[in-house]
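Chemist: Single-letter residue listing:
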Amino acid sequence: MTSQFDPELAKKLKEDNKRATRRKFLMGLAGTGAISAATVYGITASDGSTRSFGSILGSPGNNTGSTGTTLLGGNANAAQLPAADYSDRILVLIELQGGNDGPSTVIPYGDSAYYDLRPNLAIPAEEVIPIDDQVGLPAQFAALSQRRFAVVEGIGNTLDSLSHFDQQKLWHSGGGGRVGFVSQLGTELAEKYGTDGLVTLSVAGYAPQLIGADEGSLTLSGANQLKALTRNDWIYPGYRQAVTRFRGGPLTSRIAQSYSQIGSIVNDLPEDVEIDNESRMIAEGRQLGNQLWVAAGMIEAGTGARVIHAKIGGFDTHEAHVSRHANLMTQIDAAVDGFLARMEAAGLSDRVLVALTSEFGRRGAENGGGLDHGNGSTLMVFGPVNPGRHGVYNSLSNLDDRGNLRTEIPYSSYLRTLAHDWLGAESILPDDESITGLI
Amino acid sequence: MVERNGLADASKLVRRATLANDPVLIRQIDDVLKQDGHAAAVDELLNRSIDNATIPFNWADEFSALRNYHSWWVDRILEGRNPVQEKMTLFFHSFLTSSRGSSGGKYGSIAQQMNLFRRHALGSFSDLLLDFVKDPLLMRFLNAQQNVAKRPNENLARELMELFTTGIGPYNETDIRNVALAISGWRLDNDIGRVYYDETKGSSESFSFLGETRVWNLDSVVRKLLDHPATADRITQMLWEDLVGEGSAPAGLGKGWHDRGFDNLWLVEQILKSQQFIDSNHYVRPRTGFEYFMNVQRVLGFPTDEDYRPRNLGHLPWDPPNVAGWPSGERWIDVGSILARSQVLQYDYKKVEGGTTAGAEEILDRCAIFEVSNDTLTAISEANNAVDVGDAGKAQLRWWIALSSPEAMLT
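Chains as they are written, first to last, in the working numbering: chain R, 1 to 439; chain C, 1001 to 1411.
Next comes chain R alone, as it looks inside the complex:
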């Protein structure tokens, strides 16, 4: 489904694009209806029937069948093919910090072990939005379940340690070294597409993934930061000029470089980042909604960021798991749905992929009102993916001898898929195989 990546063509398209301003180009694209017509992606099940996965079979409680041929909810004809040009694609990574529980996100309501192991925490089948007769989504994903998505099952870490920081370091460093995964990715994309501007962006305010980035990375912790930068009057130009003059050793160079990157980003910033506090995206999406609002603005303004990182904390649910996780799912539903709606309105649905990440999962059995750190988990991807279930179903009946869900697919493969199959990056995590068929 993805075309062979042609660097020369990509470069030419990139140069073509630069002739118009980015914003005009994007608006033009939306206006010409260049977005393709619907295609249904089907998967042949073992019984030979063709199922249209990624479609939601009605409301919670409808777990009667899995051979429905309902297309994706909402506007079925707006199912997007991914934009052919890798250089136009954007990856949004939402970090679920603390270790997200896979079975609470893609709920194995068809497995009695789920209820045996978690008598207090398991979500009743009637509250699940079914994907098929085996798994479903939490009721809080009312909006997202109507959009195109893929679930990726059996993702886990291959490290022995269940420390937050070991796991975070792994994904932050993309498999090794001191440079974060997002930074490595950004560096490669900057080289590939020859951009001087912004490549990687975190709207989460603190992004270790961006440590060590050479070029074009920005971390924002709110919409207000943008406003202050857009002034071109009074002492602001003199200031921006002065601070790019510092010379010295590596740290000083880093400082000067940071200032100069800020300067070059200023011109591309969105003019208006007024946040609508009444919108569901903000009111229920809360911090994540705020972050994705800024991200949407940065994308709409064509600032060039290819990899965007956002974060929602609170997943380390050693206690009060049921209520806390439900709240977090509501936040994600409101924030991500709102963001996808913005991308749709901007005509960018075919080029923005939203992927959830988390440093690890949680243990199979409950522990009081909570769950200890675990291993295998399930993640989700929204946007122009092959919808449905991917990866390997790892069952609560098949825990390892520490009571953890197994790792069927290493986390680094998931990251490789996003970097390589979606963004066309070659050099990052080269020893890992992509999860075929996801993109």
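Keep in mind the hints are simulated off the structure, nothing from the lab. Beta carbons: idealized from backbone N, C-alpha and C, even for Gly. Be a bit skeptical, because a hint or two may be false.
Distance condition first, Cα-Cα at most 16 Å in a straight line; then the derived EDC-like pairs of lysine to aspartate or glutamate [unchecked claim]: (1) C:1150 <-> R:366; (2) C:1273 <-> C:1036; (3) C:1394 <-> R:233; (4) C:1224 <-> C:1175.
If you anchor each label on the Cβ, the simulated ranges turn out as follows [as the list claims (entries may be wrong)]: (5) R:127 <-> C:1173: 32 to 40 Å; (6) C:1004 <-> R:313: 40 to 48 Å; (7) C:1388 <-> R:253: 52 to 60 Å; (8) R:250 <-> C:1067: 34 to 42 Å; (9) R:234 <-> C:1301: 21 to 29 Å; (10) C:1391 <-> R:276: 41 to 49 Å; (11) R:119 <-> C:1050: 49 to 57 Å; (12) R:276 <-> C:1049: 51 to 59 Å; (13) R:397 <-> C:1071: 54 to 62 Å.
With chain R held as given, fit chain C onto it using these hints.
Modeler: Same frame as chain R, but now just chain C:
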């Protein structure tokens, strides 16, 4: 690099060893330095009585009290009765973390923990740690009060080893499970902040831990970890990197600290008097968010109960980004943090003494920059060339440049 007013060495000492970076203190230290040498100057800085004052609080204080606690501490830092005590408070808090979000509605618990750190900052690290693991805010932060023998919760056991003592290496996942059991049974009545041990919720099984088999409990586990050489070495190295900025602590320094009952004052003294400290370059590591903030706070004089600035810089004490606290190093210099630091300089400079009139020399003095590069000097003087800007604007621009310079960002 240009030295100004002969104060370069004294300013390095004060800048590294204190938070307020006060030019008045720099001159005081410089007098001793010039007269009696470096070791005497360090003594002048360290030989002060411990500040025993505590943040006033009520256990059931509400969220609004947090700004008062913050304000109390910032004022105390600016006052400078025992500047190194405040610095070491921040140092220990950088890896012995708890979050204001874990108070369970009793915000006095934060003041209580702040007081705990200030009390032990120049005392003994072992005393600090033994008290810390029974601190109510820490217990809630790491779910210790839910750790009971029937359902052990591993959070505190894991972080006790990974973050507070040895670091990853000497223990494995089995140790974490065993230790979690051994330290189970500690309870917290959060209504009144009472911490107590309930043996009916605890466990007294014997197991082997770090080479010793016995029935373990919270105190014995902590002492065993303190005894492991990795603990003293790891924390010594962290403090070394903080104060010296580069290189490795000498072999044996950690052991010396351990053998003296983890005497913090002794450890600071050894590091500050070391030849490596004397030889270290001026600007070798980034200032952390709070270090940057405190210097600007002292210079510009913001209202001290405004805590949004250090929060925007990613370094509001007792509001860590995650369980590990705050890392050090390059992480503090990137586009986002530089941007955030520029934001902090946006202020009404009419409220600042000389804010709209000061020349370059006065500005550099007030910012305590006594070793400065030619590029920074040039950048500041070029403020005079700003187009369509009056004299007041040019002065403000000079302040902005000085506080954005590498000399302000690094230490």
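Chemist: Give a verdict on every hint.
Modeler: Against the structure, the hints come out as follows:
Between the alpha carbons of residue 1150 of chain C and residue 366 of chain R the distance comes to roughly 13 Å, so the proposed pair stays at or under 16 Å and holds. As the CA atoms of residue 1273 of chain C and residue 1036 of chain C are separated by approximately 13 Å, the hinted pair is consistent with the 16 Å bound. For the proposed pair residue 1394 of chain C and residue 233 of chain R, the alpha carbon gap of about 13 Å is at most 16 Å, so the pair holds. The straight-line distance between the Cα atoms of residue 1224 of chain C and residue 1175 of chain C is roughly 13 Å, inside the 16 Å bound, and the hint therefore holds.
One distance hint, 32 to 40 Å for the beta-carbon pair residue 127 of chain R and residue 1173 of chain C, holds here, with the actual separation near 34 Å. Restraint check, residue 1004 of chain C to residue 313 of chain R: a C-beta distance of roughly 45 Å satisfies the suggested window 40 to 48 Å. The hinted window of 52 to 60 Å between residue 1388 of chain C and residue 253 of chain R is violated, with their beta carbons roughly 31 Å apart. Between residue 250 of chain R and residue 1067 of chain C the beta carbons are some 38 Å apart, a value that agrees with the proposed interval 34 to 42 Å.
Checked against the hint of 21 to 29 Å, the pair residue 234 of chain R and residue 1301 of chain C passes, with Cβ atoms roughly 22 Å apart. Between residue 1391 of chain C and residue 276 of chain R the C-beta distance comes to about 42 Å, which sits within the given range of 41 to 49 Å. At about 53 Å, the beta-carbon gap between residue 119 of chain R and residue 1050 of chain C stays in the expected band of 49 to 57 Å. A hinted range of 51 to 59 Å holds for the C-beta pair residue 276 of chain R and residue 1049 of chain C, which are about 56 Å apart.
About 56 Å separates the C-beta atoms of residue 397 of chain R and residue 1071 of chain C, a value consistent with the hinted range of 54 to 62 Å.
Violated hint: 7 only; the structure is consistent with all others.
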